[in-house]
Amino acid sequence: MSTTRTLPAPPAAPAGRGRGQSGRDNRDGLVMVLPTVVIVVAVVVVPVLWNVVLAFQDLTLLEVRDAGLFDALSLDNFADVLTGAGFWQSLWNTVVYSVFSTAGSVLVGLLAALSLRRPFPGRGVVRALMLLPYVAPVVAVAFTWETMLNPQYGIVNAWGASVLGWDQPVDFLGRAPYAMATVIAFEVWRYFPFAFLFLTARLLTVPREMEEAATVDGASLLQRFRHVVLPQLLPVVALLCVLRLIMTFNKFDDVYLLTGGGAGTEVAAVRVYDTLTGRFDVGAAAAQALVLSAILAVALFLYVRFFVKKGDPS
Amino acid sequence: MHGTREERVFGALRWVVIVVLVLVTAFPFYYMLLLSFVPIEQLLLAPSKVWFGLRTLTVETYSTVLASPDDGGQGFAVFLRNSALVAVATVALTILIAIPGAYAVARLPFVGRDHVGTLFLAVYLFPTVVLAVPLFIAFARLGLQSSLAGLMLVYVVQTVPVSIHMLRTYFQTIPESVEEAAAIDGAGRFAVLRRVVLPLAMPSILSTALYVFMIAWNEFLFALLFLSAQPDRWTVSLGLAQLSNGIEVPKTVLMAGSVILTVPIVLLYGIAERALTEGLTSGAEKG
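Protein chains in written order, with our numbering: chain A, 1 to 314; chain B, 1 to 287.
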């Protein structure tokens with residue numbers, strides 16, 4: 001979530017506190033964050049570093065138990081990963097999947113936030129309803145979608161045949177162009193509430209007077225949106241896009257549950273999983289994961305370098 | 001009101017958007033609930049129905065999905081117990097670790113405080129699959145593979161940073177003078193935290209706990225990686241995913257499983273929706 005933003009500077013110590021106080025603050029502070037730091041280092045930082053080492057070793061799951069930490073370092077995994085055709089295809093799938101899912105969910109979230117901006121009877125209920133896809137367990141909703149889209153007994157195909165006159169059932173999750181569109185639609189459905197939530201919170205703080213003044217000056221609805229409301233929302237939209245892009249780029253569950261990575265939907269995370277559990281090729285899995293995070297890190301660096309710099313403290 | 005044509009058009013469009021969104025978000029949940037009461041033959045007979053007569057509905061799907069495999073069921077009662085155990089333990093441990101952490105980050109100028117945020121960023125920046133490979137091996141070496149304790153450990157790490165973020169924002173709104181008054185009365189740092197700050201922050205702690213519970217209850221990837229080989233330790237999410245891959249179990253029985261998986265989350269969310277959404281978006285106003 002917004003943990004990505006840097007922490008504000010420490011509040012200035014109130015006047016009158018001596019050196020002893022700040023020394024104690026320092027010690028207490030360290031003691032209090034210690035458990036967090038220890039567990040994050042043990043379960044995240046160390047594994048990530050170990051993953052780097054594994055990426056340079058040519059090991060299968062059975063060999064890895066007995067191998068030393070630094071034996072036989074080589075670049076073979078990277079050579080294999082980068083020259084393998086499947087990897088680039090999966091990377092491309094990941095890019096398509098994350099860009100369209102992010103754009104779609106932010107756009108629908110914006111539409112929802114704007115539509116629900118003015119109060120009406122029942123707005124509270126509608127709002128709560130709108131957050132359901134985001135809070136519900138992914139396995140349950142993925143299974144429901146799968147059932148609804150099934151070519152034999154799915155309700156979507158049944159209605160498609162009887163109302164829209166489809167002469168053949170559409171295999172939404174098993175045929176090439178449909179499957180990617182379906183997993184993107186699923187992602188938009190699950191995550192537009194996230195954008196909706198943040199945009200609604202931001203909309204509350206847009207000053208009414210500004211819009212009223214614009215109305216008095218004869219600005220039309222669209223003009224008011226473009227020149228008054230939208231500029232206020234843009235920082236949140238940008239933040240949402242970055243967050244959603246990172247999250248979707250790494251996403252595993254949704255695609256794995258819906259298609260298993262078949263029918264042209266093999267995204268990178270699913271490929272890493274298959275390499276690890278299907279082929280037991282630890283080295284190749286680690287190398288792919290490493291390439292993935294490197295790409296993400298470069299993209300983030302570029303974003304921060306070119307977009308965040310201009311006087312925006314966050 | 002001088003409704004211009006533009007305003008009337010958008011006024012109508014707004015309602016179209018609302019109705020479509022409500023249908024699209026609510027229908028899958030309605031359909032999940034409906035099918036969970038339908039015998040599979042009825043679904044296969046008439047897949048286009050959005051309502052089945054009361055007399056065709058059954059609760060047998062639920063008794064089948066909950067019963068243990070020895071009694072011809074799918075064992076969801078055991079999965080429920082596993083999920084509850086992992087989720088509750090994750091919440092307890094995460095909150096226990098996050099409260100002092102968040103307090104320190106909000107209040108105490110300690111050395112390295114500005115770097116804690118970077119460390120947390122690492123948790124979410126690296127693809128979970130990057131962690132999956134080494135953790136899979138490490139847990140195998142430590143004998144923690146296929147254990148609920150190992151799973152819980154991973155969940156705690158995934159949730160501590162976001163919990164600290166949510167709690168920190170709240171701690172910062174508690175006036176320091178309240179704490180100073182207690183400190184003058186001779187209470188030490190930890191006593192102040194326990195007796196003054198915690199009671200004031202209780203609403204925020206509850207909403208954080210709820211969010212953590214939701215993440216732990218819904219999680220799938222690590223459960224799949226660690227527990228696949230041990231059906232008696234499956235969580236509800238894992239059990240549902242594994243069984244839905246096969247063709248043996250009737251889909252409507254699994255729909256009952258989906259409802260069982262979803263209901264606790266929806267109930268908790270219904271109780272604390274307002275608190276949760278506020279906790280999550282706090283700080284977003286600053287953009």
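Just so you know, the hints here were simulated from the structure itself, not pulled from any lab data. A few of these clues could be false.
Stated by the list, open to error - Here are some of the chain A residues that sit facing chain B, going by a computed Cβ distance under 10 Å:
#1 Ala42
#2 Val45
#3 Phe78
#4 Ala140
#5 Ala158
#6 Arg226
#7 Val228
#8 Leu230
#9 Leu276
#10 Gly278
Every residue gets a Cβ at the ideal spot worked out from N, C-alpha and C, and that includes glycine.
Do the hints match the structure? See the list:
With 10 Å as the threshold, the beta carbon of A/Ala42 comes within range of chain B, its nearest partner Cβ sitting at about 8 Å, so the hint holds. Taken as an interface hint, A/Val45 checks out: its beta carbon lies about 6 Å from the nearest beta carbon of chain B, inside 10 Å. Using the Cβ-Cβ criterion of 10 Å, the hint placing A/Phe78 at the interface with chain B is not satisfied: the shortest such distance is roughly 15 Å. For A/Ala140, the interface hint holds, since its Cβ comes within 10 Å of a Cβ in chain B; the closest pair sits about 4 Å apart.
The interface hint given for A/Ala158 holds, since its Cβ lies 4 Å from the closest Cβ of chain B, which is under the 10 Å cut-off. A distance limit of 10 Å between C-beta atoms decides the matter here; for A/Arg226 the minimum to chain B is near 13 Å, and the interface restraint is violated. Interface restraint check for A/Val228: the shortest CB-CB distance to chain B comes to about 15 Å, outside 10 Å, so the restraint is violated. A hinted interface residue such as A/Leu230 counts as satisfied when its beta carbon comes closer than 10 Å to some beta carbon of chain B; here the least separation is about 13 Å, so the hint is violated.
Interface restraint check: A/Leu276 against chain B, minimum CB-CB distance 6 Å, threshold 10 Å, status holds. Using the Cβ-Cβ criterion of 10 Å, the hint placing A/Gly278 at the interface with chain B is not satisfied: the shortest such distance is roughly 12 Å.
In the structure shown, a violation is registered for the earlier hints numbered 3, 6, 7, 8, 10, in ascending order.
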